[in-house]
Amino acid sequence: MTLSHDVVIVGGGGAGLRAAIAVAESDPRLSVAVVSKVYPMRSHTVSAEGGAAAAIRSDDSLDEHAHDTISGGDWLCDQAAVEAFVKEAPEELLRLEHWGCPWSREPDGRVAVRPFGGMRKMRTWFAADKTGFHLLHTLFQTSLKYERIDRYDEWYVTKLLVDDGRVCGVVAFELMSGRIEAITAKAVILCTGGCGRVFPFTTNAAIKTGDGMALAYRAGAPLKDMEFVQYHPTGLPFTGILITEAARAEGGWLINKDGYRYLQDYDLGTPSPKPVLRSMELGPRDRLSQAFVKEAEKGRTVDTPHGQVVHLDLRHLGSTVIDTKLPFVRELCLSYEHVDPVRELIPVRPVVHYMMGGVHTDIHGATPMEGLYAAGEVACVSINGANRLGSNSLPELLVFGARAGQAAAAFASTAVHGAQGGAAVRAQVEDERRRLEHDLLGRDGGKEPISAVREEMQATMEDGAGIYRSGESLARAADRLHALQERFRTARLEDHSRTFNTELVAALELSFMLDVAETIVHSALLREESRGAHQRTDFPARDDDRFLASSLIYRNADGSRQMEYPPVTITRWPPGERVYGR
Amino acid sequence: MADLITLRVTRYRPENDTEPTTQDYEIPLRKEWAVLDGLNHIKDHLDGTLSYRWSCRMGICGSCGMTVNGEPRLTCATFLEDCAPGPIRVEPLRNFPVIRDLVVEIGDFMRKLPQVKPWVIREEEASIDSEYLQTPAELDQYKQFSMCINCMLCYSACPVYALDKDFLGPAAIALAQRYNLDSRDQGSAERMDVLSAAEGIWSCTFVGECTTACPKGVDPAGAIQRYKFTAAMESLKAFLLPRGTR
Ligand SMILES: Cc1cc2nc3c(=O)[nH]c(=O)nc-3n(C[C@H](O)[C@H](O)[C@H](O)COP(=O)(O)OP(=O)(O)OC[C@H]3O[C@@H](n4cnc5c(N)ncnc54)[C@H](O)[C@@H]3O)c2cc1C
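So the sequences go chain by chain: A and B.
Numbered by this note's numbering, the letters in the first sequence go through residues 99 to 680 in order.
Numbered by this note's numbering, the letters in the second sequence go through residues 37 to 282 in order.
Do not take every clue at face value.
Stated by the list, open to error - Below 30 angstroms or equal to it, Euclidean Cα-Cα: the simulated DSBU-like pairs (lysine-lysine) are: (1) Lys153/B / Lys264/B; (2) Lys243/A / Lys264/B; (3) Lys243/A / Lys201/B; (4) Lys243/A / Lys153/B; (5) Lys79/B / Lys243/A; (6) Lys243/A / Lys219/A; (7) Lys79/B / Lys179/B; (8) Lys392/A / Lys545/A; (9) Lys355/A / Lys396/A; (10) Lys201/B / Lys252/B; (11) Lys219/A / Lys396/A; (12) Lys219/A / Lys153/B; (13) Lys67/B / Lys153/B; (14) Lys153/B / Lys79/B; (15) Lys252/B / Lys243/A; (16) Lys67/B / Lys273/B; (17) Lys355/A / Lys264/B; (18) Lys79/B / Lys545/A; (19) Lys185/A / Lys243/A; (20) Lys153/B / Lys201/B; (21) Lys252/B / Lys264/B; (22) Lys179/B / Lys67/B; (23) Lys372/A / Lys355/A; (24) Lys273/B / Lys153/B.
The hints are simulated quantities; they were obtained by calculation from the structure and are not laboratory data.
Here chain B stands alone, though its shape is the one from the complex (with noise of 0.2 angstroms):
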């Protein structure tokens, strides 16, 4: 007999309940087991009628987030043996509204993604003959921030996005600096007034959470920060100088 561990789930169904509940469900304990894993087996084997979102199991979709014993995580990467002996809470990712279940609506963030532009703006397109040119180097300036899943943890981590739900937000900041710190790119001046304004990067108080709760390295915090520097710069200059020399 496989010991067994208890994944202690909330639930929430719109058309029953008023409020979320809990539901304890008994779970193997196998080694190799994510927590994942674990919900599937319920699905699969004891109630049908829980709803959460998986799709890849290998940690680069970005559908499974959840909070796990108060953190948030990717359940595809948080083994049940590594938070034995249970029970496991698991609920949905915090700051979100709950859909149902585990699964939390995103279209905020969705929204928010368009707005700070996030392709590369060029003033004359070369034609598609060859390749711009990037040195390893110039890779490296953007590279960590390309690495974002959008899996949404940053969000749930983040104090201000709890008050503020205006707030553009980790992943979203952090893509515009991907797109900013490019060499083929040249539309910063365009990203410029969304990432500067109230709800933009002026509203990050650093806490840093972001850059913590980012299961693959990004570091949100770090790209606001930096920005912050360079916006101010900017409105310096835009004081100091005379325009047409800025």
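With the rest of the complex left out, here is chain A (with noise of 0.2 angstroms):
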């Protein structure tokens, strides 16, 4: 049996479901499959808590919106994508809205607006603090109505199939019963989502690894502006559960050990005790999260047995506040670290938590690769340059999936060829079935449990390429990682079972983590200057002559690497310096 359809989505998080719906709506005679590891209503997105960024008030402006997010990427922003995003995102929250997203509501019936990190004006919506939850939730029961949208759920996507530089389906297997299947298409969109899971302490869910950049990776898509990796500067000790942004958007401060607002010592602004727009807890996650770092090394943070933390203080917003607003947080303070927000401090440090990088895109999801497509987080169109203000990536998962789910509709229509790929594919799809029939499932013996080679990684990671790194620091981690390919090779498998293997699906997300950990190291090891996100110690300011572009990284089919440095494109803001607070 051949499954084949004319539009296959890798991910049923908030970018695969909206291009779902858009290639339903762009074309009723395709048929449109969702293949998703997880149940799609479980996907990430679920997972966003505080708001999602579009211009409506009467006082705000698209051009704001967009210098907002130039400015806070610090320059890399593709400034014609960000155009074609703080316009379209508007049209797709009231679109969600129409679909039944529970919005919060000024008093009038009008949908809400709050601040947000690094924006000048109030325009990020929500749905009190589980905005995420609700736009999947929406997005996926609305997907429900199109009879033409079939799913796969539960099925792990393995590899891209390639005939001729045109990608034209996937390998994929079912965990349920272990049955591996291609699955031929005309276009394929990637929507899997970040790789938060590289590093050892992230907000991200366990699904977070990475697959899609890999797999894009692997079949000789290139892929963009992997070193920059954002901190969240409040996640929970421990566990990395998020405190999202909007707790200081609704007031909170972050103090230091001696109950000290310490961003007033990093040029972030002046304290006061309401929220002023991009300034003190309202600046952009990168600079916070280096404050934090500084903050340490002066030695006013607070020890614990969970490392460095600081204090965000939500005690003065009083328990209406926090009960309409801020719900979740206060529901996950409780459980999390037995601590009540309405009385007490909340322990916080900065957490990895998103991918600026991801598969090298055009404004319309197309990457490279004929017939290959991506949205979401896993892409890189690059709205975000070096560094992502909070609330645009929700917004982002709604344009760019619409974006990519209509290119890949009038790809789909038009192609000429057959889907199902001539005996090139084939051979394909049986190579991979003996990768995982026999190397992985039937590996035998082997040294090292999997985590063993998981754990090394993450902390390859955080040592080498964290906040601040440098070219020595770079150097040793790509040294690490490949030593730990060459683990990986030979760590044991002891499950042999076809039946919902979850040790296999731990195998292949820890070899797409691999892949993609070294995209980022090496990626930062090259870009030698410090923007956004990325600062390097060795090279601490921005160099605009040398790096005012986006780094392509590619593997040859020999497996070395290869990079470009195209320009960034500017329309109509020059770079400049980056001001907060004043």
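Grab the two chains, each in its own frame, and use the hints to assemble them into the complex.
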């Protein structure tokens, strides 16, 4: 039996579901499939808390949203993409409203907006502090009404099929039965999300293992700006669970061990009791996370069994604001930290949160490989540049999920070739089947558990490619990752069952993560400047002469790497200084 | 040395086992560890063959529902300390076929979901230039029922679903009500047939176990009771009033 569709979407999170609906609406004759390793409503979009940005208020403008995004991204954003993004974001959020998303409201019934970090106007729409949850369930439930959308729930994609430079499907296996199948397609859209699990301490769910980035990279498509990894300043120690920026937007303060609002020492403005846009606690995430490291170096953070922390103080907001605007924050603090933010301080520290880099696409979500598209956190369009602003990702999923869906649908409707693929494709499928059945499921012996390799990879990334990096720390990390690739090949696999084999999934995820980790480290090593979230202690200044450029990393057929540096597209906002709080 | 606690885990591998068995694992008893952290410790350090689902580990994705000491729970939000001294029994959710170990088959629920038409139905789609106005009070009408994370704890707790797999079940009915009560929706008539059928609301004997089990404060039992009243009024109207005036 061959499984075949016009468009196959890998991933059922916000980007994947929006893309699926876009395909179904563009051309109802097309058959579209969503393949997802978890049930779509379990995708990581469900965890997003704070909100989604789009300029709708009369005091706001598209240009201001664009400028905030571009300066927030330290001028590495593609400005044409940003202009399209800010223009389409309001329409997309309104569409979600029409589909039933329970946005929080003003007393008169209009959608409410809240401030967010790095944004000069209140433009972040929210559904209390469970925005991603509501957005994802709304999309999923709405997708159920399209009969042309087929789903492969709990199917794991292991490989992209490529015929003569053109992507023509995927290989995947069904978790429940273990059956391995080729699913052919005229166009494939990767919507697999980010890769936070490459690091030891992250807000990201277990499933965020960079699969789509590695799938594309192995197939020969370039990854862009992989050195830019966002640390969010406020994660709970031990678990890494996120305390949303909305907590600071509603008026929360960050204080050091002396109760001092230390951000005032880092060129982020002067403290005032009420939140001030683009100032202090509402500065951008890269600058806040960097300030934490400096504060720790000065010995002004608090020592705990789970590392250095500072405190997030919400006590002055009172229980009414906390319960109406931040109920999930309270729930999470009570469950996981035994702390009640109404009365107590919340311990927090920077935590790996979001991947600015990803599969290189143009403004339509198309990659340089024919038939391959990408959208959402897996992709890099790039609207986020060197540092994403909070609440820009959810609208990005919608805007570029829709665009990629439309582009893939147009491509699939006009594609002359069938989706089946020839002998070359069948050979790839057989090779992949052999790898899965023989090398992985059939592996005997082996030295160490895969968790040992994974833990060491994570430690390597934290040591070598954290908030601050240097040529030396990165070169060391590169060597260690190389050795870990070798160790992965001989690691032990104990589970030989076909039925819901989660060890096999973990092994495949680890192998994807090792490739992604290498692209992060190599891209970081070669960017000899500091910009946004990429801070080199040996090159502390931004260098527009050499690096006002995206980095593209390719894997050649022989496994070697190749870099390119295309210049950033500047439309209306020439590079300037990033100014916050003054 | 950290204190230890025993997890008594149900194992079932269909290729080898005809019946489920249990296996004991000793794990560290740490203050901050949830049952899920214990399972992850087993998977990573003691036995790579144990299968279970998990993802967000913050109580919102709905993946990690299991039966802990006899109760349906999210294992990421159930702490070892609260179950001490152990052994802590970890079993798959009840009322579902078991695929393997702690993983259950929820296809039945996934097939029921579209039957209640959980999307906004309008006679006329408004243009996308502006939002439908909805006051905070109107939002409150349905908000609670929109908080369901599809974790399946309510189906596992439901005595009716245990006996009758045709029963639509608490989460699906609550979701239908979530849309029926949304001021933007005009589709309640279209959801009526499936809700009022024998396998819809009338199967429910109002034990309320679903509401007790819900980790997110949704009240499916309340949704069902409330809909029974609506449905009764509708059928009364249908009986009393001639067509056209309804
Ligand atoms: C805790 C947290 C809070 C956040 N809050 C906000 C916020 O308030 N505002 C904001 O704008 N952004 C926020 N973000 C960022 C934002 O939520 C994410 O960037 C975004 O949701 C990613 O969506 P996605 O659709 O790209 O991927 P995901 O939602 O991660 O979905 C990925 C999909 O791909 C599938 N998949 C992956 N690999 C495979 C494979 N090999 N085979 C088959 N399927 C596969 C998965 O099953 C899943 O369906 C937050 C992030 C986190 C971690």
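The hints, checked one at a time:
1. Proximity of Lys153/B to Lys264/B is assessed by CA-CA distance (about 18 angstroms); at most 30 angstroms being required, the pair is judged to hold.
2. Of the pairs offered as hints, the one joining Lys243/A and Lys264/B holds, with about 26 angstroms between alpha carbons and a cut-off of 30 angstroms not exceeded.
3. A distance of roughly 24 angstroms separates the Cα atoms of Lys243/A and Lys201/B; the hinted pair therefore holds under the 30 angstroms criterion.
4. With a C-alpha separation of about 7 angstroms, the suggested pair Lys243/A and Lys153/B falls inside the 30 angstroms cut-off, and the hint holds.
5. Of the supplied pair hints, the one linking Lys79/B and Lys243/A is violated, its CA atoms being roughly 39 angstroms apart against a limit of 30 angstroms.
6. A threshold of 30 angstroms between alpha carbons decides the hint, and for Lys243/A with Lys219/A the separation of about 36 angstroms lies outside it, so the pair is violated.
7. Distance check on the hinted pair: Lys79/B and Lys179/B sit about 38 angstroms apart at the alpha-carbon level, beyond 30 angstroms; violated.
8. Distance check on the hinted pair: Lys392/A and Lys545/A sit about 41 angstroms apart at the alpha-carbon level, beyond 30 angstroms; violated.
9. Only pairs whose Cα atoms come within 30 angstroms are accepted, and Lys355/A paired with Lys396/A is accepted, the gap being roughly 11 angstroms.
10. For the suggested pair Lys201/B and Lys252/B, the alpha carbons sit about 24 angstroms apart, so the restraint of at most 30 angstroms is met.
11. With a CA separation close to 34 angstroms, the supplied pair Lys219/A and Lys396/A exceeds the 30 angstroms bound.
12. A threshold of 30 angstroms between alpha carbons decides the hint, and for Lys219/A with Lys153/B the separation of about 38 angstroms lies outside it, so the pair is violated.
13. Restraint check for Lys67/B and Lys153/B: the C-alpha separation of about 43 angstroms exceeds 30 angstroms, so the hint is violated.
14. For the proposed pair Lys153/B and Lys79/B, the alpha carbon gap of about 39 angstroms is over 30 angstroms, so the pair is violated.
15. Between Lys252/B and Lys243/A, the direct Cα distance comes to roughly 26 angstroms. Compliance with the 30 angstroms bound is thereby established for this hinted pair.
16. Our distance criterion of 30 angstroms between C-alpha atoms is broken by Lys67/B and Lys273/B, whose separation comes to about 58 angstroms.
17. A C-alpha spacing of about 57 angstroms is found between Lys355/A and Lys264/B, which places the hinted pair above 30 angstroms, so the restraint is violated.
18. For the hint pairing Lys79/B with Lys545/A, the CA-to-CA distance comes to about 16 angstroms; that is within 30 angstroms, so the pair holds.
19. This hinted pair checks out: Lys185/A and Lys243/A have alpha carbons roughly 28 angstroms apart, not beyond 30 angstroms.
20. For the proposed pair Lys153/B and Lys201/B, the alpha carbon gap of about 19 angstroms is at most 30 angstroms, so the pair holds.
21. A threshold of 30 angstroms between alpha carbons decides the hint, and for Lys252/B with Lys264/B the separation of about 23 angstroms falls inside it, so the pair holds.
22. Proximity of Lys179/B to Lys67/B is assessed by CA-CA distance (about 34 angstroms); at most 30 angstroms being required, the pair is judged violated.
23. Of the supplied pair hints, the one linking Lys372/A and Lys355/A holds, its CA atoms being roughly 21 angstroms apart against a limit of 30 angstroms.
24. Distance check on the hinted pair: Lys273/B and Lys153/B sit about 24 angstroms apart at the alpha-carbon level, within 30 angstroms; holds.
Violated hints for the displayed structure, listed by number in ascending order: 5, 6, 7, 8, 11, 12, 13, 14, 16, 17, 22.
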